[in-house]
Amino acid sequence: MAEVQGIVNELATKLRKRKVEGSRETARLTAELFRTVISQQRVTSAALVEVVRDVGQQLIAANPVELAVGNIVRRVLRIIRDSDLSLEVGGLTLVPQGDDGDIVEEDDKPFMLSDAISQTILHQPSLVAQLESKPNLVRHFEGKADKTPRSWQFKHQIIEGVNDLIEDINTCHEQIADQALELIHQNEVILTLGHSRTVKKFLYAAKEKKRSFQVYVAEGAPKHLGHVLAKELAEKHLQTTVISDSSVFAIISRVNMVIVGVHAVMANGGVIAPVGMNMVALAAKKYAVPFVVVAGTHKLCPLFPNNPEVLLNDMRCPSELLSFGEFSDCMDYSIGSGAPLLNVVNPAFDYVPPELVSLFVTEIGGYHPSYIYRLISDYYSSEDLVLQQKPAS
Amino acid sequence: MWRRSASFILDNRTPNDVASASRPESLALSPPLQSSAMADADANSAYYQTRAAHHGVVTSDWLAQAQAAVGRNPDDLGSVVASEAEPKPASDSGKPFSVIEEFNNWRKQPDLAEAVAAIRALASVIMSSEATTMMELEIELKKASDSLKSWDKTSISLTAGCDLFMRFVTRTTALEYEDFNSAKSRLIERAEKFGEISTKARRIIAVLSQDFIFDGCTILVHGFSRVVLEVLKTAAQSKKLFRVFCTEGRPDRTGLRLSNELAKLDVPVKLLIDSAVAYTMDEVDMVFVGADGVVESGGIINMMGTYQIALVAHSMNKPVYVAAESYKFARLYPLDQKDMAPALRPIDFGVPIPSKVEVERSARDYTPPQYLTLLFTDLGVLTPSVVSDELIQLYL
Chain E
1 MAEVQGIVNE LATKLRKRKV EGSRETARLT AELFRTVISQ QRVTSAALVE VVRDVGQQLI
61 AANPVELAVG NIVRRVLRII RDSDLSLEVG GLTLVPQGDD GDIVEEDDKP FMLSDAISQT
121 ILHQPSLVAQ LESKPNLVRH FEGKADKTPR SWQFKHQIIE GVNDLIEDIN TCHEQIADQA
181 LELIHQNEVI LTLGHSRTVK KFLYAAKEKK RSFQVYVAEG APKHLGHVLA KELAEKHLQT
241 TVISDSSVFA IISRVNMVIV GVHAVMANGG VIAPVGMNMV ALAAKKYAVP FVVVAGTHKL
301 CPLFPNNPEV LLNDMRCPSE LLSFGEFSDC MDYSIGSGAP LLNVVNPAFD YVPPELVSLF
361 VTEIGGYHPS YIYRLISDYY SSEDLVLQQK PAS
Chain B
1 MWRRSASFIL DNRTPNDVAS ASRPESLALS PPLQSSAMAD ADANSAYYQT RAAHHGVVTS
61 DWLAQAQAAV GRNPDDLGSV VASEAEPKPA SDSGKPFSVI EEFNNWRKQP DLAEAVAAIR
121 ALASVIMSSE ATTMMELEIE LKKASDSLKS WDKTSISLTA GCDLFMRFVT RTTALEYEDF
181 NSAKSRLIER AEKFGEISTK ARRIIAVLSQ DFIFDGCTIL VHGFSRVVLE VLKTAAQSKK
241 LFRVFCTEGR PDRTGLRLSN ELAKLDVPVK LLIDSAVAYT MDEVDMVFVG ADGVVESGGI
301 INMMGTYQIA LVAHSMNKPV YVAAESYKFA RLYPLDQKDM APALRPIDFG VPIPSKVEVE
361 RSARDYTPPQ YLTLLFTDLG VLTPSVVSDE LIQLYL
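Each protein sequence line maps, in turn, to chains E and B. Start counting the first sequence at 1; every next residue gets the next number (full-length UniProt numbering). Start counting the second sequence at 1; every next residue gets the next number (full-length UniProt numbering).
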């Protein structure tokens with residue numbers, strides 16, 4: 001138990017100190033951590049859910065802006081609930097319970113739920129679920145004695161599920177890149193901003209399949225990661241042009257398509273992207289240029305953004321914008337009223353609303369922003385949206 | 001070549017010959033009209049009258065007008081003034097038990113939603129039924145549900161509630177129950193549980209919407225929705241600082257009633273006339289409305305004026321949030337404003353109007369989904385595209 005807490009603390013510290021770069025790396029580390037945590041537990045499913053939740057809360061608290069952590073926590077919870085359900089349905093008795101927890105009837109024959117109904121009844125509240133009384137599986141499972149072969153099977157299934165998840169995270173770039181050929185045509189001009197590994201692999205794949213196209217890379221101030229991307233693309237013999245963020249509006253009329261990578265995709269189809277992306281999206285909308293977002297499903301967050309510019313933003317060090325030495329007299333707290341006259345704000349992220357996004361390319365295919373809710377109901381369970389146990393009002 | 005023809009001149013000639021001319025006439029639907037259709041179009045929507053009665057802003061002229069209408073057209077279906085006149089027994093039910101009476105009894109409670117009242121009425125049909133097989137019971141229920149729906153064609157939540165319950169009945173019979181009585185009791189139990197959903201639904205919606213109300217925000221509200229009131233109450237009780245702009249809500253004066261309630265909660269309120277919405281929209285951070293019904297496209301049917309406000313909000317990039325319970329999801333797909341059963345409402349201008357002047361008396365409009373940002377329902381926060389998914393899962 002103690003060493004589990006130890007590795008959890010290790011990852012939490014890494015997250016807090018922002019030592020982990022990028023949502024994919026974060027997602028992978030989190031998933032691997034959960035694999036270790038789960039394999040060392042010897043508990044029933046309900047308690048396992050609690051353990052995962054608890055660990056999840058610690059990790060999220062370490063870095064609330066890195067939404068991938070929360071996504072992976074909820075994915076793991078969904079895997080646990082799915083394994084629970086499939087074990088029950090697979091040849092074992094299912095005792096449906098009424099809403100008040102009493103056992104309604106004992107059945108000897110297994111109660112087969114169709115896929116659609118099991119999805120709706122057990123994972124999402126829906127009109128269907130309101131009519132049927134939900135069989136309360138997790139609570140029931142707690143009551144049974146821990147039969148060793150069954151609980152071993154249960155854990156085995158969960159570990160398998162988490163392994164699949166890790167595999168998906170590792171291979172998401174390749175699967176997304178496979179779809180490059182359908183999107184990028186001959187002699188196209190593509191615009192991107194900043195440095196996204198997914199976009200890079202996407203463009204490489206198209207280049208390898210002998211498509212000839214040009215790329216405009218907006219540098220992505222203040223980190224100027226666009227310069228790095230431009231260099232890498234040029235090494236692969238792609239015609240590249242570097243532009244500043246401010247000239248996007250001037251260039252956009254010459255561009256056929258905008259392809260970008262993002263930090264997170266929210267439940268309404270909006271995206272959290274590196275700063276400057278909203279400008280690019282608005283320019284693309286104005287000139288009717290398709291705005292394509294490439295993102296792995298580990299970036300898909302089931303939360304709705306309220307006030308995302310503030311709550312989901314990371315304020316970075318202002319020295320990236322202004323060097324302190326030159327402006328130290330304006331930023332002095334000890335003169336005048338005590339508040340500096342010059343403020344420097346360096347947000348890391350931008351929120352792009354769903355109306356501006358044309359297409360999401362994920363490893364499972366291309367989707368319109370209005371379809372995101374479906375992906376969310378496939379990957380997450382609505383009971384896990386709020387991870388903290390708030391006191392019941 | 002495609003200029004609009006002045007068909008309203010032709011349309012007006014035929015109904016003027018048929019009906020009495022002393023009341024302001026509504027625009028006829030098509031030239032060949034039967035008098036019963038005419039009576040239907042003129043009949044004031046019972047649903048909106050109940051809402052007005054609940055709000056307690058029934059003026060005496062309105063009452064007199066309504067009473068006169070009852071006296072003049074004896075062949076009106078059902079009772080025109082629900083809470084004032086005697087509830088007339090349903091025309092097709094010869095039994096001493098009338099589902100319509102039962103429904104009216106439930107409906108009079110101001111805190112109870114229409115759909116729940118309908119379901120309770122149907123539950124009492126089951127309780128008083130003498131059927132011995134599921135098939136018989138189903139047929140009885142179908143008849144009762146149809147008579148309820150035809151009694152007030154304009155109420156969407158009534159239709160939706162009946163449909164939901166009938167759907168549940170048909171689904172339950174698919175599962176094997178050897179005992180008819182246990183099936184019957186299960187249906188009744190579910191109907192009763194459904195009643196609890198109504199109050200629970202409002203709490204869930206209020207909790208879900210709290211995150212979207214931030215300190216210092218300005219909310220524009222249109223119409224008097226009990227759900228929206230619950231949302232604002234919860235926000236006020238959790239000590240959030242916000243102010244509310246209420247539209248006056250002619251002719252129901254819903255804004256006056258709402259501002260009363262909000263003043264009791266110490267929330268700063270500002271009343272606007274309906275035409276002042278665009279003028280104040282730039283100060284507004286979000287628009288909150290309820291819904292009489294949520295249609296398949298994800299759009300909503302709500303009090304007249306909602307569409308206008310949504311259009312203005314959309315053009316100024318303000319989010320429009322809808323708070324609606326899930327039993328309001330209806331299997332309708334209006335293609336334009338007139339594509340619904342007309343729901344008319346008497347409008348009192350305060351001065352007598354010459355008889356030749358027509359009055360647009362529709363009580364509601366349809367807001368297409370592209371103008372709505374999010375729907376807060378007891379199923380969670382939904383984007384408009386989710387509504388059709390939910391309906392398909394339930395009905396198909």
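Keep in mind that a hint or two might mislead.
[Claimed, not checked] Okay, derived cross-link-like pairs now, PhoX-like style, lysine-lysine, Cα gap no bigger than 20 Å in a straight line:
(1) B:LYS318 with B:LYS270
(2) E:LYS200 with E:LYS236
(3) E:LYS223 with E:LYS209
(4) E:LYS231 with E:LYS201
(5) E:LYS285 with B:LYS318
(6) B:LYS318 with E:LYS286
[Stated by the list, open to error] Not everything, but these chain E residues come out facing chain B in the computed CB check (under 8 Å):
(7) SER253
(8) ASN256
(9) PHE304
(10) ASN306
(11) SER319
(12) SER323
(13) TYR373
Derived from the structure by calculation, the hints contain no laboratory data. All C-beta atoms in this analysis are idealised placements derived from N, C-alpha and C, irrespective of residue type, glycine included.
Verification of the supplied hints:
1. This hinted pair checks out: LYS318 (chain B) and LYS270 (chain B) have alpha carbons roughly 18 Å apart, not beyond 20 Å.
2. About 11 Å separates the Cα atoms of LYS200 (chain E) and LYS236 (chain E), which keeps this hinted pair within 20 Å; it holds.
3. At roughly 31 Å between alpha-carbon atoms, LYS223 (chain E) and LYS209 (chain E) are farther apart than 20 Å, so this suggested pair is violated.
4. Restraint check for LYS231 (chain E) and LYS201 (chain E): satisfied, since their Cα atoms lie roughly 14 Å apart, inside the 20 Å limit.
5. Proposed proximity of LYS285 (chain E) and LYS318 (chain B) is supported: the alpha carbons are some 18 Å apart, at most 20 Å.
6. Between the alpha carbons of LYS318 (chain B) and LYS286 (chain E) the distance comes to roughly 19 Å, so the proposed pair stays at or under 20 Å and holds.
7. At a threshold of 8 Å, the smallest CB-CB gap from SER253 (chain E) to chain B is about 24 Å, leaving the interface hint violated.
8. For ASN256 (chain E), the interface hint is violated, the least distance from its beta-carbon to any beta-carbon of chain B being 26 Å, above 8 Å.
9. Hint on PHE304 (chain E) holds. Least Cβ distance to chain B is approximately 5 Å, under the 8 Å limit.
10. Proximity of ASN306 (chain E) to chain B holds as hinted, the smallest CB-CB distance being about 5 Å (cut-off 8 Å).
11. The restraint placing SER319 (chain E) at the interface with chain B is violated, with a minimum CB-CB distance near 30 Å, outside the 8 Å limit.
12. Violation of the interface hint for SER323 (chain E) is found here, the shortest Cβ-Cβ separation to chain B being roughly 35 Å, above the 8 Å cut-off.
13. Taking 8 Å as the C-beta contact cut-off toward chain B, the hint placing TYR373 (chain E) at the interface holds, the least distance being around 5 Å.
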